[in-house]
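Start from the sequences and build out the full structure, keeping to the hints where you can.
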Amino acid sequence: QASVAMSSYETGALRRGALGKRSVYQEAPDKGLVNEPGQNSCFLNSAVQLKVLWHLDVFRRSFRQLTQHQCLGEACVFCALKALFSQFESSQRDVLTSDELRRALAETFRDEQRFQLGLMDDAAECFENLMMWLHRQVAGEGHEDVCTSTNCIPHQKFAIALFEQVRKLSCLCTHWTCVNGAHYDRVCCLPQCVCRRCGATSDPLPFIQMVHYVSTSALCVTAERASDRAEQPSCGSFGKLLREASGSGDLRSCPAECGEMQRIRKVLMNQPQVVAVGLVWDSEQSHQAADILHIIGTCLYLPDLYYRVTDERAKASELSLVGMVCYYGKHYSSFVYHTHKRRWCYFDDAQVKEVGSHWKDVVSKCVQSHYQPLLLLYSHPDAT
1 QASVAMSSYE TGALRRGALG KRSVYQEAPD KGLVNEPGQN SCFLNSAVQL
51 KVLWHLDVFR RSFRQLTQHQ CLGEACVFCA LKALFSQFES SQRDVLTSDE
101 LRRALAETFR DEQRFQLGLM DDAAECFENL MMWLHRQVAG EGHEDVCTST
151 NCIPHQKFAI ALFEQVRKLS CLCTHWTCVN GAHYDRVCCL PQCVCRRCGA
201 TSDPLPFIQM VHYVSTSALC VTAERASDRA EQPSCGSFGK LLREASGSGD
251 LRSCPAECGE MQRIRKVLMN QPQVVAVGLV WDSEQSHQAA DILHIIGTCL
301 YLPDLYYRVT DERAKASELS LVGMVCYYGK HYSSFVYHTH KRRWCYFDDA
351 QVKEVGSHWK DVVSKCVQSH YQPLLLLYSH PDAT
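In the UniProt record's numbering, the protein residues as written are 1 to 384.
Calculated from the structure, these hints are not laboratory results. Think of the CB as a built atom: it goes at the ideal place given N, C-alpha and C, for glycine as much as any other residue. Check each hint, because a few of them may be wrong.
[Stated by the list, open to error] Label pairs and their calculated CB-CB ranges:
hint	residue 1	residue 2	range
1	312	118	46 to 56 Å
2	117	294	34 to 44 Å
3	73	120	23 to 33 Å
4	283	252	37 to 47 Å
5	213	311	20 to 30 Å
6	148	65	10 to 20 Å
7	252	150	29 to 39 Å
8	315	116	38 to 48 Å
Structural data, given as structure tokens:
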């Protein structure tokens, strides 16, 4: 079974010497976050600790340099996050409060009735929405799929830029040269998708993902099939498992509604420095939690995750598992790989514990505690 091997921050990252690079920033001692009875802030605390990201080096360094933004007063996520990061960096207290950020989120999403005070919410969706609001406040743009601002951390570091291809079973072009774009391996690229039955065409647009979602049931089935083919899951094959599981049943209707279904393949157009993988569960009490934990790989190759990669840098990009949000009993907690200590740490609101230096230590704790992994975070060891 996969993923009980050394973390790729202990192998690939060490091989690159990434862990030996010390920034001028000396990380403050690990701190917990308050979650009083009735606050139900564990989903937010997990997102902050894991990603937004105090312990994610690339976010923390980049966010520290930002000052210009469109302030929204009581609903200013940027200001609330700056204040919380200031506490992490300078406070002498071991346990901090995320109340200001919680109030800013509640005010921001008051009309949608999301992330309201005292109510539980989803940690993955919290992360996505934090990213989008930081984009709007820093870049000043409402459109989320197109952002040219070099100061926009969500799009510069986290965004996964994709477009979709349709398998070319009939073609409007001659000699395999598509009239509207390049043509590879009998797959027609942008901008035209062609229905094999009626010839109707559509012009798919590029889009952005902040989280790559996959069904845990589909992932288990995919891993079982790989095992039946004598292809035991390994650290390096996790991206292929994710791609196959994500693509199962990924069909689109003909643009002219003739009834024909077209198989979709996703093509990566950029090199994200951080990739978030969201694990979608069919039920809260899933018996597959232990299986998923053993399937998870500690490294992720971008060319394995998508059908095609167009960015030359991304074609050789290997990302390392650095964090995970888990769920159990209506409560969220997170595991973070501490790059300076070279150890995995567990964050459960105010409680902070070291787990061990290897990923297998995290797997063991999660299996014993019946934790369900919900969100995985992979980062490039040389991300800046």
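- Query: Falls inside 20 to 30 Å, the C-beta gap from residue 213 to residue 311?
  - Reply: holds (22 Å)
- Could you check the hint for me, namely that residue 315 and residue 116 are 38 to 48 Å apart, CB to CB? At 44 Å between Cβs, range holds.
- Take a look at whether the Cβ-Cβ distance between residue 73 and residue 120 falls inside 23 to 33 Å. At roughly 26 Å between Cβ atoms, residue 120 and residue 73 fall inside 23 to 33 Å, so the hint holds.
- Item | Pairwise beta carbon distance, residue 148 to residue 65, judged against the given window 10 to 20 Å | With a Cβ separation near 18 Å, residue 148 and residue 65 satisfy 10 to 20 Å, so the hint holds.
- Query: Would you say the C-beta atoms of residue 117 and residue 294 sit inside 34 to 44 Å of each other?
  - Reply: holds (38 Å)
- Query: Taking the beta carbons of residue 312 and residue 118, is their distance inside 46 to 56 Å?
  - Reply: Cβ of residue 312 to Cβ of residue 118: about 49 Å, so the range 46 to 56 Å holds.
- Is 37 to 47 Å a correct range for the gap between the Cβ atoms of residue 283 and residue 252? violated (28 Å)
- Take a look at whether the Cβ-Cβ distance between residue 252 and residue 150 falls inside 29 to 39 Å. holds (34 Å)
Consistency with the previously given hints fails for number 4 only.
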